[in-house]
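Student: Residue numbers (the numbering used here), protein chains in the order written: chain A, 1 to 79; chain B, 1 to 79; chain C, 1 to 146; chain D, 1 to 146.
It should be emphasised that the hints constitute simulated quantities derived from the structure, not laboratory data.
Some hints could be false.
[Said to hold, decoys possible] So, partial list: chain C residues that the calculated Cβ filter (under 7 Å) puts toward chain A:
| no. | residue |
| --- | --- |
| 1 | 16 |
| 2 | 28 |
| 3 | 39 |
| 4 | 134 |
[What the hints assert, rightly or not] Derived lysine-lysine pairs resembling PhoX-like cross-links, with alpha carbons at most 20 Å apart:
| no. | chain 1 | residue 1 | chain 2 | residue 2 |
| --- | --- | --- | --- | --- |
| 5 | D | 111 | B | 50 |
| 6 | D | 65 | B | 50 |
| 7 | C | 65 | A | 50 |
| 8 | D | 111 | D | 53 |
[Stated by the list, open to error] Here are the simulated distance ranges between beta carbons:
| no. | chain 1 | residue 1 | chain 2 | residue 2 | range |
| --- | --- | --- | --- | --- | --- |
| 9 | C | 53 | D | 78 | 43 to 51 Å |
| 10 | C | 57 | D | 16 | 31 to 39 Å |
| 11 | C | 136 | D | 38 | 37 to 45 Å |
| 12 | B | 55 | D | 124 | 34 to 42 Å |
| 13 | D | 38 | B | 2 | 44 to 52 Å |
| 14 | D | 38 | B | 20 | 53 to 61 Å |
| 15 | B | 55 | C | 136 | 51 to 59 Å |
| 16 | C | 53 | A | 26 | 45 to 53 Å |
| 17 | A | 47 | C | 33 | 37 to 45 Å |
| 18 | B | 45 | C | 53 | 54 to 62 Å |
| 19 | C | 33 | B | 48 | 42 to 50 Å |
| 20 | C | 124 | A | 26 | 19 to 27 Å |
For glycine and all other residues, C-beta sits at the position ideal for the given N, C-alpha and C.
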Amino acid sequence: MKTIQIEYFAVLREHARCASETVATAAMTADALYAELAARHEFPPLQTLKVAINDDFADWHTPLSDGDTVVFIPPVAGG
Amino acid sequence: MKTIQIEYFAVLREHARCASETVATAAMTADALYAELAARHEFPPLQTLKVAINDDFADWHTPLSDGDTVVFIPPVAGG
Amino acid sequence: MSSAPLSPELWRDRVRDDRCGGYATFEGWVRNTNEGLDVRRLEYQAYERLANKEGQRIMAEAAEKFALVHAVCVHRTGELEIGDTAVWVAVSAGHRDAAFRACRYIIDEVKLRVPIWKKEYYVNGDSGWVNCEACAHPHTGTHDHR
Amino acid sequence: MSSAPLSPELWRDRVRDDRCGGYATFEGWVRNTNEGLDVRRLEYQAYERLANKEGQRIMAEAAEKFALVHAVCVHRTGELEIGDTAVWVAVSAGHRDAAFRACRYIIDEVKLRVPIWKKEYYVNGDSGWVNCEACAHPHTGTHDHR
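Could you put together the complete structure from these sequences and hints?
Tutor: Structure representation (structure tokens):
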């Protein structure tokens, strides 16, 4: 089991009902972790979701390490 | 003979040594008038000169009328 | 990123330079409508650490692509009212072509890539996160984030 | 046309509009060099009656071509120092594409068509009217307007 710090923004923060949480997970990759959390928090379907690991954009298949910070990024809308 | 009001700008004003003058001329068109004044004031050769008659751009062959105001327009450089 | 109202006139001096003949700016203002809905106010949320990092990358790319001298971009977070400035971009350059093109590049890339989210609160009481497929057509009530 | 220094921050309110999401501006600043020559100061002369008329035509064309809401353009006349603002263009529009394109159109056309002339005074003591074929390369001394 790894300990992962998650931060939530926008629509995901509203569904998770928190801005951040620490989870213990067996997920090997970001996409497996997202599947786990999406089920727990009932996230809505999002077609274009990105992921950041340790404050940089990452591939969904990047192996997670103990202590990583993960942020799921719904479609952005700055400006 | 027609009486024409001339205004000078930029390089032409410096050569004419005045901002405006009133001339009596037999010139039928703006280009004939320019030739007359260029000779008198020793204007330098200018390849892209335009002309305005009564405060609007005009064709060089427009017939001049008594009392017209004529302005010769050297290459512009606003901005 | 700034949680306080933007004051473009104060930042203008940051890009002033005697070598510059062109200065192009862009401001994004909060409009009173979006896609046919009357907007009452907005909320911007940002993933600030990555937003700053990605913003710096965009500025570096612009400096690489265009002959600019200085460039600045600041984006609001928090609650905004109609007419408020959400984002400000300013570029000074030797000539206007580089200033315009760099300014446009920066705002286009910021909107596309920087992790900032906008929630619109509508006059009809609905609300929704902009560009969020799951929030599309919030006024139909199919998906409610309140 | 204005013979007094330009104050863009005061005119910003003229183009403010709750319907606008995009605001693009351009300023032309007096540079300290031009075509390799060090510039000390500038003088702008304008044929004001026709300049205002042609300026109005350009603004009307921009309003026709682009979905803008408000547009303003002011140009200086008289003596300017390095760093002074020679021209200011501001466009507000529903969206940024129209704001950018209209702003660019206006400054491009103003520079091309409006009867305004610029005389540069160089650090080396020479001077010349910009774009004037007869004044080209004033530092060679072949044509002197002093």
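Student: Now tell me if each hint is right for this structure.
Tutor: Right, here's what the structure says about each hint:
At its closest, the beta carbon of residue 16(C) sits 25 Å from a beta carbon of chain A; the interface hint therefore is violated under the 7 Å criterion. Because the beta carbon of residue 28(C) sits about 5 Å from the nearest beta carbon in chain A, less than 7 Å, this interface hint is met. Against a cut-off of 7 Å between C-beta atoms, the interface hint on residue 39(C) is violated, since the closest Cβ of chain A lies about 13 Å away. With 7 Å as the threshold, the beta carbon of residue 134(C) comes within range of chain A, its nearest partner Cβ sitting at about 3 Å, so the hint holds.
Proximity of residue 111(D) to residue 50(B) is assessed by CA-CA distance (about 15 Å); at most 20 Å being required, the pair is judged to hold. This hinted pair does not check out: residue 65(D) and residue 50(B) have alpha carbons roughly 26 Å apart, beyond 20 Å. Of the pairs offered as hints, the one joining residue 65(C) and residue 50(A) is violated, with about 26 Å between alpha carbons and a cut-off of 20 Å exceeded. A distance of roughly 14 Å separates the Cα atoms of residue 111(D) and residue 53(D); the hinted pair therefore holds under the 20 Å criterion.
For the pair residue 53(C) and residue 78(D), the beta carbons lie near 46 Å from each other, so the given range of 43 to 51 Å is met. A beta carbon spacing of about 32 Å between residue 57(C) and residue 16(D) agrees with the range 31 to 39 Å that was offered as a hint. Between residue 136(C) and residue 38(D) the beta carbons are some 58 Å apart, a value that contradicts the proposed interval 37 to 45 Å. Against the hinted window of 34 to 42 Å, the Cβ-Cβ separation of residue 55(B) and residue 124(D) comes to about 38 Å, which satisfies the hint.
The beta-carbon spacing between residue 38(D) and residue 2(B), approximately 47 Å, falls within the hinted interval of 44 to 52 Å. Distance hint check for residue 38(D) and residue 20(B): the Cβ-Cβ separation is about 34 Å, which falls outside the suggested range of 53 to 61 Å. Here the CB-CB span from residue 55(B) to residue 136(C) is close to 55 Å, well matched to the stated 51 to 59 Å. The beta-carbon spacing between residue 53(C) and residue 26(A), approximately 30 Å, falls outside the hinted interval of 45 to 53 Å.
Here the CB-CB span from residue 47(A) to residue 33(C) is close to 26 Å, at odds with the stated 37 to 45 Å. Take residue 45(B) and residue 53(C): their Cβ atoms lie about 58 Å apart, and the range 54 to 62 Å holds. The given range of 42 to 50 Å is respected by residue 33(C) and residue 48(B), whose C-beta atoms sit roughly 47 Å from each other. Distance hint for residue 124(C) and residue 26(A): a CB-CB separation of about 45 Å, inconsistent with the stated range 19 to 27 Å.
When the structure is compared with the earlier hints, violations turn up for hints 1, 3, 6, 7, 11, 14, 16, 17, 20 and for no others.
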